[in-house]
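Engineer: Now for the letters of each chain:
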Amino acid sequence: MNLQGYETFSDEKLEKFEFNSIGVNGIIRKVVFFENVGFNIFNLAFGDWDELNGKLNDEKTTNNGDRDKVLATVALTVVNFLRYHPDSIVFAMGRTNSRTRLFQMGINSNWYKIQTAYYIEGYLLGRWEKFQSGKNYEAFSVRLK
Amino acid sequence: MENAKPDKETTGKVTIVKNMRDYSNDPFVVRKREMAIAFIKKNGFPPGPKKKKQK
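One line per chain: the protein sequences are A and B, in this order.
For what it's worth, numbering that gives the first Met the number 0 labels the leading residue of the first sequence as 0, then goes sequentially.
For what it's worth, numbering that gives the first Met the number 0 labels the leading residue of the second sequence as 0, then goes sequentially.
Derived by calculation from the structure, the hints in this document are not laboratory data.
All values derive from a computational prediction rather than experimental measurement.
Glycine included, each C-beta is placed from N, C-alpha and C at the ideal position.
Any given hint could turn out to be false.
Claimed, not checked - If you anchor each label on the Cβ, the simulated ranges turn out as follows:
1. Gly-53(A) / Phe-44(B): 30 to 38 Å
2. Thr-60(A) / Pro-48(B): 33 to 41 Å
3. Asp-21(B) / Gly-133(A): 33 to 41 Å
4. Arg-20(B) / Glu-137(A): 27 to 35 Å
5. Gly-25(A) / Arg-20(B): 18 to 26 Å
6. Val-29(B) / Gln-114(A): 28 to 36 Å
Isolated chain A (complex conformation) (with noise of 0.2 Å):
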């Protein structure tokens, strides 16, 4: 898998990751947090950190003309956390569909390269099923086949 993404900045568990997102809007300080919820399941949180207040926030849109590589740092982030926790499970689901939306668009624009090393699940309409492209689900789980 050869994705092509911003270098990022890791704690030593991989559980926390920063970089920086540089495009047309400047530069924007992007968070990557996995945090156990239970049963090993970690659950990924993506936000801008936002200087002013000191705090994460996914609110704003940043069009900072970089989706995809800011997408594919994401996905990156993934795969280095799976590497260091092998035996978890990671979910993803935005705070909107929009966002949840924006997690599907990584997954799907690299979908090819994932699913040789990663089972992806997706919940839609009650229950869990394998990811299938194209299908706009709520929530994902990606694990390591």
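With chain A fixed as given, assemble chain B onto it according to the hints.
Structural biologist: Chain B in isolation, oriented as in the chain A frame:
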């Protein structure tokens, strides 16, 4: 950290930073955690791949 050693060619460059900021109490992370737990409680765990029956 042997497992965590990044493969530059396939996974991009990762630089390990000590004493990185703790995000676990950030309101955004707390909200996302609560959403995830509520979702999983309501809808169940992702079951994973079906195991093939052994003959």
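Engineer: Decide, hint by hint, whether the structure agrees.
Structural biologist: Verification of the hints:
1. Against the hinted window of 30 to 38 Å, the Cβ-Cβ separation of Gly-53(A) and Phe-44(B) comes to about 34 Å, which satisfies the hint.
2. Against the hinted window of 33 to 41 Å, the Cβ-Cβ separation of Thr-60(A) and Pro-48(B) comes to about 35 Å, which satisfies the hint.
3. Between Asp-21(B) and Gly-133(A) the CB atoms are about 39 Å apart, so this pair conforms to the stated range of 33 to 41 Å.
4. Under the hint 27 to 35 Å, the C-beta atoms of Arg-20(B) and Glu-137(A), about 30 Å apart, fit the expected range.
5. At roughly 21 Å, the beta carbons of Gly-25(A) and Arg-20(B) sit within the given window of 18 to 26 Å.
6. For the hinted restraint 28 to 36 Å between Val-29(B) and Gln-114(A), the CB-CB distance of approximately 33 Å keeps it satisfied.
When held up to the earlier numbered hints, the structure conflicts with none and fits them all.
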